[in-house]
Amino acid sequence: MNYIAELNAFDRWLETNYLPALSELLWRKMVALFNRCGWAEWISVDNQRLMGLIQVKREATFIDYRNKLVESGLIEYQKGKKGSPNRYKLISLSEGKNNNTFISEVQTEVNPVVQSVVNPVVNTVVKTVDINKLNQTKQNKTSDTPYSPPKGDAPEPVPRETVQYKKIADYWNSVCTELPKVQALNDNRKKAVRARVKEHGEETVLQVIALVKQSDFLCGRTGNNWNASFDWVMKPANFVKVLEGNYVNKAPAPPSPPGTARRLDDLTDNPFLKIAMEEEMKNE
Numbered sequence: 661m662n663y664i665a666e667l668n669a670f671d672r673w674l675e676t677n678y679l680p681a682l683s684e685l686l687w688r689k690m691v692a693l694f695n696r697c698g699w700a701e702w703i704s705v706d707n708q709r710l711m712g713l714i715q716v717k718r719e720a721t722f723i724d725y726r727n728k729l730v731e732s733g734l735i736e737y738q739k740g741k742k743g744s745p746n747r748y749k750l751i752s753l754s755e756g757k758n759n760n761t762f763i764s765e766v767q768t769e770v771n772p773v774v775q776s777v778v779n780p781v782v783n784t785v786v787k788t789v790d791i792n793k794l795n796q797t798k799q800n801k802t803s804d805t806p807y808s809p810p811k812g813d814a815p816e817p818v819p820r821e822t823v824q825y826k827k828i829a830d831y832w833n834s835v836c837t838e839l840p841k842v843q844a845l846n847d848n849r850k851k852a853v854r855a856r857v858k859e860h861g862e863e864t865v866l867q868v869i870a871l872v873k874q875s876d877f878l879c880g881r882t883g884n885n886w887n888a889s890f891d892w893v894m895k896p897a898n899f900v901k902v903l904e905g906n907y908v909n910k911a912p913a914p915p916s917p918p919g920t921a922r923r924l925d926d927l928t929d930n931p932f933l934k935i936a937m938e939e940e941m942k943n944e
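Sequential numbering from 661 applies to the sequence shown in the numbering used here.
Among the hints, a few may not be true.
[Claimed, not checked] Listed below are the simulated BS3-like cross-link pairs for lysine-lysine, each with C-alpha atoms no more than 25 Å apart in a straight line: (1) 858 to 827; (2) 728 to 873; (3) 901 to 858; (4) 841 to 873.
No lab work stands behind these hints: they were computed from the structure.
With these hints in hand, go ahead and build the complete structure from the sequences.
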């Protein structure tokens with residue numbers, strides 16, 4: 661599987677299917693776990709860890725959101741034995757293995773010369789990865805590695821680039837098609853992206869970009885003659901607001917019974933107050 665391909669395929673799947681917001685977030689967090697585990701067929705992870713990833717306190721609430729993914733055919737779930745974590749299998753969307761009317765993407769090869777490649781048949785071994793054991797193994801390997809001081813005047817190695825700027829920019833361009841594309845990654849943009857990745861992690865940055873695409877207000881679909889840019893989203897205050905769901909599309913409120921007093925929230929119907937609020941947003 662490919663991480664970006666799965667995220668793009670999931671966004672396309674959401675165009676014709678519905679999931680609660682926290683079920684969407686849970687799927688994205690689980691894809692990140694599968695990516696870290698080398699795309700093992702099954703991974704074992706306990707409920708408490710998944711609850712922490714989506715910030716849900718009640719286990720019953722978490723189970724409801726998880727069951728939505730199972731019912732939609734996005735994951736398979738096996739209850740763990742007593743004292744053991746549950747097991748999960750990710751159903752690939754990008755490889756066309758999902759049965760929920762997914763259409764696999766056609767990839768065009770640039771090379772004009774068609775070369776046939778015969779791939780030998782490989783017997784696949786079903787592998788399960790325990791997230792907790794994987795983390796413990798990494799810690800043990802780190803602690804057992806002896807420190808080797810530099811010898812002589814040998815130059816210090818150049819640190820490897822850890823922030824995948826192009827990956828994040830490409831994801832923005834492929835998902836937020838209604839917004840201005842990122843044409844270049846200058847120093848200021850890299851600095852902002854690096855700060856957000858350091859504060860929240862790469863998966864969260866990609867999640868925020870997906871939330872931007874779903875927001876009618878940020879994409880300029882509300883007729884306010886304004887939309888969010890990549891630089892606007894990467895500002896620390898704006899980034900947190902998007903992450904916390906401040907710009908999620910709100911369902912229309914049910915009509916009030918006759919004779920009931922207007923609530924404070926209804927003041928947003930005032931056109932002058934609404935214009936003032938939108939102007940404040942543009943200036944952030």
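To see whether the hints hold, each was checked on the structure:
1. 858 to 827: 16 Å, holds
2. 728 to 873: 22 Å, holds
3. 901 to 858: Measuring from Cα to Cα gives roughly 17 Å; hence the hint holds.
4. 841 to 873: This hinted pair holds, its Cα atoms lying about 13 Å apart.
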